[in-house]
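K.L.:
Here are the chains, one letter per residue:
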Amino acid sequence: MPGYLSLVLHAHLPFVRHPEHERFLEETWLFEAITEAYIPLLQLLERWRRDSLDTRLTLTLTPTLCSMLLDPLLQARYERHLNELIDLAGKEIQRTSLNQPFHALALFYQERFTVARDAYLGCGRDLVGAFRQFQDLGQLEILTSAATHALLPLLADHQPSLRAQILVARDHYRTCFGREPRGLWLPECAYAESLDGVLQAANIRWVITDTHGILHAEPQPRYATFAPLFTPRGIAAFGRDAESARQVWSRHQGYPGDPRYRDFYRDIGFDLDFDYVKPYLSAPGQRGFTGIKYHCITGRSADKQVYDRPAALQAAEEHADQFLAARNAQILSLAGVLDRPPLLVAPYDAELFGHWWYEGPEFLDFVVRKACGDQQNLTLITPAEYLQRHPTNQVATPSASSWGEGGYWRVWLNEKNEWIYPHLRVAQERMTELARRFSCGAVVSPVGTDPSSPRSLQERALRQAARELLLAQASDWPFILRSGTSPDYARKRVKDHLLRFTTLYDQLTATRVDEQWLGNIEGMDNIFPAVDYRYWA
Amino acid sequence: MKTKKSRSKKGAQSAARIARRVLRARSKTAKIPPMLFEGDEPGLPATGPGDHYALVPTPSAGPSIRDEVRELPAAYGTEKLMLVARDPHWLYAHWDLTQDQQRRYNALSADRHLVVRVRPGTIAAHPFTEVHVHPESRSWFIHVEGAGIRYGAELGYYAANRQWATVATSASAATPPDTVSRDQTQRFATIPMEVPLPQLSGPVEETRVAHLPPLDAAQERALDEVIKTHLRWQEDASSAGITDMIRGLVGWDIDLPPSALPLPFDSQIESLFSPLGGERPRPEDFWLNVNAELVLYGATESDASLTIGGWPIRLQPDGTFSFRFALPDGDHEVAVSAMSAEGDLRQARLKFSRRTEYSGEVGAAPQNSSLKAPDAGL
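Top line first, the protein sequences correspond to chains E and R.
So the first sequence is numbered by the working numbering: it starts at 11 and just counts up by one.
So the second sequence is numbered by the working numbering: it starts at -18 and just counts up by one.
Keep in mind that the hints were calculated from the coordinates and are not lab data.
The calculated label-pair distances, taken between Cβ atoms and stated as ranges, are:
| id | chain 1 | residue 1 | chain 2 | residue 2 | range |
| --- | --- | --- | --- | --- | --- |
| 1 | R | Ala316 | E | Ala211 | 55 to 63 Å |
| 2 | E | Ala86 | R | Pro54 | 34 to 42 Å |
| 3 | E | Gln468 | R | Pro54 | 19 to 27 Å |
| 4 | R | Asp81 | E | Gly188 | 49 to 57 Å |
| 5 | R | Ala88 | E | Pro82 | 56 to 64 Å |
| 6 | E | Ala211 | R | Leu269 | 42 to 50 Å |
| 7 | E | Ser62 | R | Pro293 | 55 to 63 Å |
A few chain E residues that face chain R, going by a derived Cβ cut-off under 8 Å, partial list only:
| id | residue |
| --- | --- |
| 8 | Leu164 |
| 9 | Asn213 |
| 10 | Arg215 |
| 11 | Leu225 |
| 12 | Gln230 |
| 13 | Gly244 |
| 14 | Asn403 |
| 15 | Ser409 |
We put the CB at the ideal spot given by N, CA and C, even for glycine.
Given these sequences and hints, build the entire structure.
P.N.:
What follows is the structure, given as structure tokens:
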């Protein structure tokens, strides 16, 4: 068996939940990802299971994403969103009744949305539980990530904050999946040596770094990225394979840009009459995406042809063939020269498959089926399984690195977002001050009470302070500020969470806790109900 | 013969001359040199990763919680100096001074502003780089030469007698390396998955594996190929986003609503850019890698519009700007134009020439592939 391929999907969204508004635009990030990426992925897993395929997929479900998927308010809103989509598709069927091939596509969409709704209701609106079942069956390995997807190297010089991001995530994973997490997806694959101690203490067994994290390791890696390294504290670091990523993502040659694939931008939310689409828009009064799109990429010009689904599926199969042929060639040439079977680690954002690249799930399906069907050269594997087969690995320290633009921390620390960090610094130290000050007297829970429920107003405030700090630390906000899309929203989020934290700090140390106000923000920023603020001590 | 005294006096005078020249060069009002930013100015279209958050502007909601109308404090007054290594050649320094504290120190300073000293190693080490910072700045991005080096920083000022006064000292920060390590020793360890890591006390014990022979020439070549793929990929990739690719290279004249694209979190496209360091150093061969960049910077009225090479460039709120170019061999010319709100035009046409003469094999140090030569068009 010459070599291995490890497909890793990373599913993440920042915690966006606004009960104070009836509808909130940024909540649609979640709804679209569920409809177009997560449900299709579950459907793939179900079909693979039914066909008894040994698929070995690795999937990150970040704590913020899981929290949203399990939140009853967001579940209800998603169901409403789906019902509206089905409704809209029904109107489209009528509108296009004399207009083939649009009519066929409208029928296609209604069927897709109805099947998605059946799947969603069929698993009791609990997508986390649905993924968990596949892990329990051995078909899937689920990773956790940092609690709010903070860029860990940037808060690593405050070790309590680092510890809290990792341990809160670990606790949340235990609740969702009933077991210990073995792998942890480093947000943005951002690694620095300062993370090692906390990862070891949490018994995290493996992480993924970008390619140069391994290639620039100290000492030099013998096998480049084709085998993992053990850090001096025993965490296995797997390096992203350059070739696998490039084939999918190359600007000039990447698959998703193929002219036969569905065009993302020609959505009826923009194309059709405003009054017609208005009831289905997420932002009142503003055009937006609905998910119903009738055209394929076609080419450079604005002239788009109608989406031809069979042709698009044909493209997906062709690309799957190419992808596997290239992986096979890679493995064969490496196996000939390395003294152990080469491993290719191929991580991608989960949302690529289905949302960005509509035919992505079908591509994945073809890849997995073909790989399972032909096990001669290439075996699908999870990183944890690789470690079980190959417990002896080279010891080296990966270099600080990320998969962000520039390869380090530039995206998250530049002129547009550097203002955040001095505030986080102070807030982090204050959280430690609170944790130490209020942990001194051990609070024993009375017999019969739930040990995880807070015993006092003070404890509620401490927990909420922890939540506000965690939410302020999300790497999503500086990322958005840098990229210039929705910057006002990101700025407001950082500001709101820092201000709420500061208010709680002042109330806990100087004045007194305002119970009504606390109740309000508990209802809004309700992530991690059982958060242990003592992790910051 | 120069005496020690005259040399040090000369040194102090020359430092002062340089400082004054620097101050004069900036603007008529003797502004401090603007922050030099890593190429954050839009050399490329501003789409890309993070498009997945791009949505129509959020309908503004009145604050439902009373603290939302408050602002974050400008500073906390701890007088601490924070130092972060952002990438192999950039440090970020921030000092937590309130306005009053800053004014007080500025007043004590002969230069009327603070200075950040950055040095590799310990505080006592020499040499150090000095960065004169704007009197109202509380942070600075500082370029450093050494990748894979630990740096320390000090915030202070020169008093009237040119004596240095320290305001704050930072903890150290290490820049990541940007090349393959020269250390080729190989240690292996065996860690079964069943053994919990916390049980391992301290660094892992080395496993006595049968001595692995050094990689032979074929193996070296294969691994070199991996690295070369990366360097090629680096050129192929750009920081333009997934939107370009998914658009199927759609023409830009399509009328799309700005920032109206709800896309899922996608850092993937950024992940295209995985810069690598130099070639694997062969132990027997001595090596040198070299490269050059050009930084254009300046200032104008903050409400003017500025172009560099014909491309509009965003000014900082205080009217300053900076832009980095790659500087390959050849002659280069770039025009900088500023037009005031009333239509007055000022222009500078800068001409540069680089000619490199090599002795022995010299490589090109890797350079941020999003940088373009001045005349390449942005």
